[in-house]
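Student: One letter stands for each residue in the lines below.
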Amino acid sequence: MSWRDGLLLALRSVVRRPARTALTVIAVALGSGLLVALAAIAQVADTRVIGELGKGGPATAIKVAAAAPDPVAPDSDTPKAGPAKNLDDAALRTIRRAQYVSSALPVLAQQVIAVPPPRGGDIPSFAGEDPDRGQPRPFDAVVVGVDLNALRSLPVTLLAGRVPAAGSLTEVAVGLDYLDKLHLGVTHPEVVLGTQVELGTPQVVSQGQIRVRARWSRAVITGVIAQQVGDGTFFGSIQLTRAARAWQLGGVDGAAFGLPLPPTEYSGVIVVADTLDDVHTVRAEITTLGYSSSAPEHLVATVQRYLHVVDIVLGSIGLIALTIAALGIANALLAAVRERRREIGVLKAIGARDRDVLRWFLVEALFSGVVGGALGTAAGLGAVAATGAVVNSYLVDQGLAGVDLGGVPFVTAGIGVVGSALLALLAAAWPALRAARLPAREAVGVL
Amino acid sequence: MQAAPDVRVTAGVPIRARGLVHGYGRGARTVPVLRGVDLDIAAGSHVALQGPSGAGKSTLLSLLGGLEPPRGGELHVGDVDVRGLRRGELADYRRSVVGFVFQHFGLVEVLTARENLMLAMSLSGVPPRHRRRRADEMLAAVGLAHRADHRPNQLSGGEQQRVAIARALSNQPRLLLADEPTGNLDEEATERVLELLDRVVVERGCTLVVVTHNAHVARWAGVRLHLRDGVVEP
Numbered sequence: 192m193s194w195r196d197g198l199l200l201a202l203r204s205v206v207r208r209p210a211r212t213a214l215t216v217i218a219v220a221l222g223s224g225l226l227v228a229l230a231a232i233a234q235v236a237d238t239r240v241i242g243e244l245g246k247g248g249p250a251t252a253i254k255v256a257a258a259a260p261d262p263v264a265p266d267s268d269t270p271k272a273g274p275a276k277n278l279d280d281a282a283l284r285t286i287r288r289a290q291y292v293s294s295a296l297p298v299l300a301q302q303v304i305a306v307p308p309p310r311g312g313d314i315p316s317f318a319g320e321d322p323d324r325g326q327p328r329p330f331d332a333v334v335v336g337v338d339l340n341a342l343r344s345l346p347v348t349l350l351a352g353r354v355p356a357a358g359s360l361t362e363v364a365v366g367l368d369y370l371d372k373l374h375l376g377v378t379h380p381e382v383v384l385g386t387q388v389e390l391g392t393p394q395v396v397s398q399g400q401i402r403v404r405a406r407w408s409r410a411v412i413t414g415v416i417a418q419q420v421g422d423g424t425f426f427g428s429i430q431l432t433r434a435a436r437a438w439q440l441g442g443v444d445g446a447a448f449g450l451p452l453p454p455t456e457y458s459g460v461i462v463v464a465d466t467l468d469d470v471h472t473v474r475a476e477i478t479t480l481g482y483s484s485s486a487p488e489h490l491v492a493t494v495q496r497y498l499h500v501v502d503i504v505l506g507s508i509g510l511i512a513l514t515i516a517a518l519g520i521a522n523a524l525l526a527a528v529r530e531r532r533r534e535i536g537v538l539k540a541i542g543a544r545d546r547d548v549l550r551w552f553l554v555e556a557l558f559s560g561v562v563g564g565a566l567g568t569a570a571g572l573g574a575v576a577a578t579g580a581v582v583n584s585y586l587v588d589q590g591l592a593g594v595d596l597g598g599v600p601f602v603t604a605g606i607g608v609v610g611s612a613l614l615a616l617l618a619a620a621w622p623a624l625r626a627a628r629l630p631a632r633e634a635v636g637v638l
Numbered sequence: 656m657q658a659a660p661d662v663r664v665t666a667g668v669p670i671r672a673r674g675l676v677h678g679y680g681r682g683a684r685t686v687p688v689l690r691g692v693d694l695d696i697a698a699g700s701h702v703a704l705q706g707p708s709g710a711g712k713s714t715l716l717s718l719l720g721g722l723e724p725p726r727g728g729e730l731h732v733g734d735v736d737v738r739g740l741r742r743g744e745l746a747d748y749r750r751s752v753v754g755f756v757f758q759h760f761g762l763v764e765v766l767t768a769r770e771n772l773m774l775a776m777s778l779s780g781v782p783p784r785h786r787r788r789r790a791d792e793m794l795a796a797v798g799l800a801h802r803a804d805h806r807p808n809q810l811s812g813g814e815q816q817r818v819a820i821a822r823a824l825s826n827q828p829r830l831l832l833a834d835e836p837t838g839n840l841d842e843e844a845t846e847r848v849l850e851l852l853d854r855v856v857v858e859r860g861c862t863l864v865v866v867t868h869n870a871h872v873a874r875w876a877g878v879r880l881h882l883r884d885g886v887v888e889p
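Those protein sequence lines, which keep their order, are chains E and R.
Just add 191 to the spot in the first sequence (first one is 1) and you have this note's numbering.
Just add 655 to the spot in the second sequence (first one is 1) and you have this note's numbering.
Among the clues, some could well be false.
Which stretches of chain E does chain R cover? Using the computed rule of at least three CB atoms under 8 Å from a CB of chain R, they are [as the list claims (entries may be wrong)]:
# : stretch
1 : 506 to 516
2 : 535 to 542
3 : 625 to 635
One-sided and incomplete, this derived list gives chain E residues near chain R with beta-carbon spacing under 8 Å [to be verified]:
# : residue
4 : M192
5 : S193
6 : D196
7 : E381
Quick list of simulated restraints, FRET-style, between CB atoms [stated by the list, open to error]:
#  : chain 1 : residue 1 : chain 2 : residue 2 : range
8  : R       : P889      : E       : L214      : 54 to 64 Å
9  : E       : L214      : R       : G674      : 51 to 61 Å
10 : E       : R529      : R       : S811      : 22 to 32 Å
Note that these hints are calculated values from the structure, not bench results.
Ideal Cβ placement from N, Cα and C applies to all residues, glycine included.
Next comes chain E alone, as it looks inside the complex (with noise of 0.2 Å):
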C-alpha cells in the first residue's frame, strides 16, 4: 500500500467517526496546549525574567556604601559596614570603569525635617499632630535623592501613583513607614497621594551658643513606593537632595548636638553589573577600591532555585497531561482495532501486509496528533500571550520594563506539533501493531 493510500484510508477512517475522532483531537490538544503554554511561560520566567533582570536590572544592583568593607565578611548579601570614607565624583568614575560594571549612580541622603500636611483636607486622619496645639507634629526623616532618569535600574517597587519627575524640587516619594507615621494603613497608600508635606534642611548657624536655621520647602507626594536604594522615608531627585546638602554645607558641624555636616559628596552608589553572573565579580572589585557593598546575590540564586522547582512542577503537570492525550489515542485505536477486525482481515485477504496495516493505523494516529498539535500550540500560544500581557501591565504600573515575550517562538510552537505527532505515534505503536499482527482469517471470521 502506498503512503498516498494510506493517508486516504487514514482520513476516511478519521471521518467515519466524528465524534470519537474529536475527542481524540481535543485530548491531544489539550495536553500540547498545556505542555506549550507552560513551556512557554516557564521559559518567559526563567530566561526572559532572570535574564531581564540579569542584564542590568534592579536584581543586579549593588549597594555601595560610603564606607569601608566589613573587614569579617565583606561578601555576605548584608555586611556591616566599615569605617566611613569619602564618595564623591573621583571615586565614582573609578566605581564606573570597573570590569563588568553597567552603570552606577550616585546616592544621596539629606536628613530633614519633615511636616505633614493638617488634619482634614485630602488626609482624613492622622496621629502625628501635636496634640498641645493641634498642629501636625514634625518628625526627623530622610530624603533619598537618585537620578531619576535611570529608575529602571534601580531597586524601586511602585505601590501608587507615580515616581517624581526628574530634577523635580518640589516632589517626592514616600515610603510605607511614612503611612506608619502617620497612623494610616498601608492596604490604602494612594491617600496620601497629591497631598503635601514640608521639607526643612537644618543649618547650624554657631556651636557656640547653639543656633539652628532651617530652609523650608514643600513638595507634593507623588506616589508610594518601596525602594532599596537607601534608608529613607523620602525619595526624590538627586537635585532635590543637592540642594539640601548644599544648604546644610553652608552651616558648620553640629556633630556634637546630631547634626553632623555631610562627610561625603554622596552616601552611596547603586552599581548595576552587566549580568546576573558578574554580581559577584563586581562586589570583589568594589571592595577591592575600598568600599563597602551589599547585593541580594544570594537571594536571587535562591529564586533561580526556585524557579527550577517550578520548572519541574510546571514540566510535570505537562507530562501528565501529555500521558492523559496518548491514553486516549491508544484508546481510541484500540476501539477502532475491535471496530475493524474483519476490515482489517478483508485488507489482508486481499494482500495487505502487516506494515500496510500498520502504516494505515499510524496515519489514522499521526492525523490525530499533528491536528490535536497544532489546535494545541494554537491555543497554548494564545494563552501565554494573554499572560504575558498581564505580567506586562502589572511590571509597568510598577514602573518597571515590561517583558518582551520575543513574538511567536516558534521553537516551541514547532516542538509542541513535531512533539505532539511524535507522541500520537508514541501511543498508537501498541494498537497499530496489534492490528497488524491480526490474522488474516479475520476476513472469513473462522473461530
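Go by the hints and put chain R onto chain E.
Tutor: Coordinates of chain R only, in the frame set by chain E:
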C-alpha cells in the same frame, strides 16, 4: 515462497491436498476442524464446497486462500507449497494468486467502489497511472460503471457483491475463492452474481471454489465436494 506466479497469466491453478489437518487453539485445548482432507481440483474447474455448519468449509477455504498456514498435511496450489509459506510469503501468495469474495462483501466502507478496486490494485503493485483506468474497466465489466463513485452503503447487496467480485478479479487471480457469495442476496441478485461469475471466470479461466449452502449455486458449479466432520466425503 516458490516461483512467484506471473499475475498476467489468468489460467487457473490445480489444487492438491493430502491429509490436510487444521484446528484452532493450542495443546490440549486444540479444537480440530480439518482431520485429513484429501482433494484434487483440476485447473480452471468450478467447485462447490458443501457441508453442514462446522464441517470445516470456511477453514478449508481460508487454507486454500493462504489466510493461514495449515497445521499438517500437504497443500499445493499450482506450484506453491502453501504449508511452507511464512507470514510475509502468505501475503505475497494472496496478493498474486488468490481472489476472495465474501458473504459480507468485505468492501472498505469509507472508500468508493472505484477506490476499493484501486486499493486492491495498489496492494498488488499495479502502477498508479493504470489503476483508475483498470478499475473503471472492471466496474464496467460487472455493469457498475455508473456506480464507481458510490460508497458501499449507497449500493444494494447485489451491487456490493459485484463490486467485490470486480475487486477479487482486479489482480487477475488464478484461484477465485468465494465464501457464500450469494448468502446475503435475494434470488434475482443471486442469478446476476452467478451469471457474472460464470462469465468472468470462464473468460479468465481461473479455478473457482465456492462455499455454499445453496443447492442452486451448488448445481451451477461443475464439481461438488461434501465436507463432513473435517473430511471430504467420497
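Student: Against each hint, give a clear statement of whether it holds in the structure.
Tutor: Here's how the hints hold up against the structure:
no.	hint	verdict
1	506 to 516	violated (count 0)
2	535 to 542	holds (count 7)
3	625 to 635	holds (count 5)
4	M192	6 Å, holds
5	S193	6 Å, holds
6	D196	5 Å, holds
7	E381	67 Å, violated
8	P889/R / L214/E: 54 to 64 Å	59 Å, holds
9	L214/E / G674/R: 51 to 61 Å	53 Å, holds
10	R529/E / S811/R: 22 to 32 Å	28 Å, holds
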